[in-house]
Amino acid sequence: ETGVTQTPRHLVMGMTNKKSLKCEQHLGHNAMYWYKQSAKKPLELMFVYSLEERVENNSVPSRFSPECPNSSHLFLHLHTLQPEDSALYLCASSQDSGSNTGELFFGEGSRLTVL
Amino acid sequence: TQLLEQSPQFLSIQEGENLTVYCNSSSVFSSLQWYRQEPGEGPVLLVTVVTGGEVKKLKRLTFQFGDARKDSSLHITAAQPGDTGLYLCAGVLVFADKLIFGTGTRLQVFP
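Here the protein sequences come in this chain order: U and R.
Be aware that the first sequence starts at 1, since it is given in my numbering, and climbs by one per residue.
Be aware that the second sequence starts at 116, since it is given in my numbering, and climbs by one per residue.
Simulated from the structure, these hints should not be mistaken for lab results.
Among these hints, one or two may not hold up.
One side only, chain U facing chain R, incomplete, derived with CB under 7 Å [as the list claims (entries may be wrong)]: (1) E53; (2) T101; (3) F106; (4) G107.
In this text the structure is predicted, and so the values were computed from the model without any measurement.
Just so it is clear, CB atoms sit at the ideal spot from N, CA and C, and this is done for glycine as well.
With the sequences and hints as input, model every part of the structure.
See the structure below:
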């Protein structure tokens with residue numbers, strides 16, 4: 001199994017839909033992250049979880065709702081998104097405590113298109 | 116204001132050529148990472164540099180951290196099509212203890 005796996009790889013949804021992105025890490029890491037990657041913009045940190053507790057929320061709109069049931073799994077629940085939310089959503093993990101300074105191991109990403 | 120600027124933004128070269136990618140800032144970093152992201156994949160860590168002036172080599176890739184820890188460069192010798200991808204630098208800000216990503220350099224190497 002690869003270190004960090006994300007599903008689905010591609011998702012198309014309407015603005016009124018509710019969907020979820022899933023991430024699983026098999027590295028025994030303590031911290032997990034959600035990043036947003038849009039064209040022509042740097043990677044944007046959305047959420048950080050350390051040992052299942054949220055330690056950072058970078059002013060992300062409430063239509064994005066993270067969930068971390070254990071240290072190996074991370075979800076991003078999506079509700080009433082806007083077309084400008086279309087992007088590649090990357091999950092990552094790190095061995096540190098979620099200080100967001102360590103080396104990151106990324107999943108392959110979930111490409112989201114909002115119609 | 117973007118704290119980490121990468122240049123060039125795009126680079127298209129022939130196999131066998133040499134190239135250098137730059138990562139510049141006016142801020143000081145305690146460490147700096149380089150990632151490569153291939154099409155359809157997530158970024159993969161290539162190297163971390165932590166000491167001002169440090170040089171690290173990874174086969175045909177040479178990474179350098181500036182003496183003042185405000186900038187870094189990546190030099191690729193004899194580029195190959197397998198080097199194609201998006202190169203991202205990411206630095207840990209000294210004053211904020213936070214990792215930020217650069218704007219990225221998209222490299223295409225033609226056979």
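Against the structure, the hints:
The restraint placing E53(U) at the interface with chain R is violated, with a minimum CB-CB distance near 18 Å, outside the 7 Å limit. The interface hint given for T101(U) is met, as the beta carbon of that residue sits about 5 Å from the closest beta carbon of chain R, less than 7 Å. A cut of 7 Å between beta carbons decides the hint on F106(U): the least distance to chain R is about 3 Å, and the hint holds. A least Cβ separation of about 5 Å between G107(U) and chain R falls short of the 7 Å threshold, and the interface hint therefore holds.
Hint 1 from the list above is the single one not met by this structure.
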